[in-house]
Amino acid sequence: MAQTLREFLTQVEHLPPDTLLCVAEVDEVFATHVAEVDIVSDAKEQNRKAESMEAVELGNGKQTVIVIRW
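Take 1 as the starting number for the sequence shown in the numbering used here and just add one per residue.
No lab work stands behind these hints, which were simulated from the structure alone. Treat the hints loosely; a few may be bogus.
Taking lysine to any residue and the SDA-like style, the derived pairs with C-alpha atoms no more than 25 Å apart in a straight line are [what the hints assert, rightly or not]:
hint, residue 1, residue 2
1, K62, A24
2, K62, D18
3, K62, S41
Note that the structure is predicted; figures quoted are calculated from it, not measured.
Use the sequences and the hints to build the structure in full.
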């Protein structure tokens, strides 16, 4: 299902501007539609400059992050 920018912004409009934005299950070869947007309130940042795919742990923390899945 395709999602518009307006729909995405409506989902996250109440979050502080410094909320982390993460991606999951990225296919680097093809562009795909966003499957869902999750707001995770118990995330834990591992390393903001991490080059690995696991810069944020979704659980065991106290930070809110936005996860875009496709």
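Hints, one by one, checked against the model:
no., hint, result
1, K62 to A24, "19 Å, holds"
2, K62 to D18, "14 Å, holds"
3, K62 to S41, "7 Å, holds"
The structure is consistent with each of the numbered hints, conforming to all of them.
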